[in-house]
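Note that the working numbering has the sequence shown beginning at -3, numbered continuously upward.
There may be inaccurate statements among the hints.
Said to hold, decoys possible - Below, in silico cross-link-like pairs of lysine to any residue (SDA-like), each with a Cα-Cα straight-line distance of 20 angstroms or less: (1) Lys73 to Thr55; (2) Lys73 to Ser25; (3) Lys43 to Ala83; (4) Lys73 to Cys184; (5) Lys73 to Trp57; (6) Lys73 to Val24; (7) Lys43 to Glu165; (8) Lys43 to Trp57; (9) Lys73 to Ala33; (10) Lys43 to Gly88; (11) Lys43 to Leu95; (12) Lys73 to Asp152; (13) Lys73 to Pro93; (14) Lys43 to Cys184; (15) Lys43 to Asp152; (16) Lys73 to Ser164; (17) Lys43 to Val103; (18) Lys73 to Ala60.
Just so you know, the hints here were simulated from the structure itself, not pulled from any lab data.
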Amino acid sequence: MSHIALIMIDLQQDFLAPEGAYARGGVVSPAAQALPARMREVAQTVKGQGGMVCASLFTLWPDAQGEPMVSPHLLAKRPFLRRGDFAPNSEGQALVPSLREVVDLCVWKVAYSAFFNTQLDWVLRRAGVTTLAVSGIVTNGGVASTVRDAHMRDYDTVVLSDGCAAFSERTHAASLEDMATIAEVMTCAQFMQRLQQP
């Protein structure tokens, strides 16, 4: 199964931790907060079958004055973002602690897709990966963008339906339905069962 990689999108402290930027701003998703425990088991299964586990880390790079370079679109939606949030090498930018030991590769990203302006595609191809299982947050943002970019790069792509979350169940369900046109959608349990088949 060395041709398979699990991609976990943005399961970071500033998104999910009680002391993180999003919690400070009052933007909390219980469904998203439940993902790390579920995805740890999936990651361990992928690694046990010889696959690779990758994670993307959304990053807000500071300008010359140390202020985060936040896109106008994001700042309009998340006006609470401030200096230090998602900063390179900060605790907020970091993967949640429970997943750190199961990840082989982290890529830092500045937009929705884990492929945009990162080295993810280069690493996956060098590793011989042809199939991706995508999970993380949010379903309609980073997950959907990464899935579409994977499709454009000819990866066989699986979306883990209960390995993703959005800020509303309606948005989550609509995004899964949309992605089903270009990827296979299944639960984490179904995916792990498939991996373990002889």
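Violating hint indices (sorted, rising)
Hint check: 3, 4, 7, 8, 9, 10, 12, 13, 18 fail, others pass.
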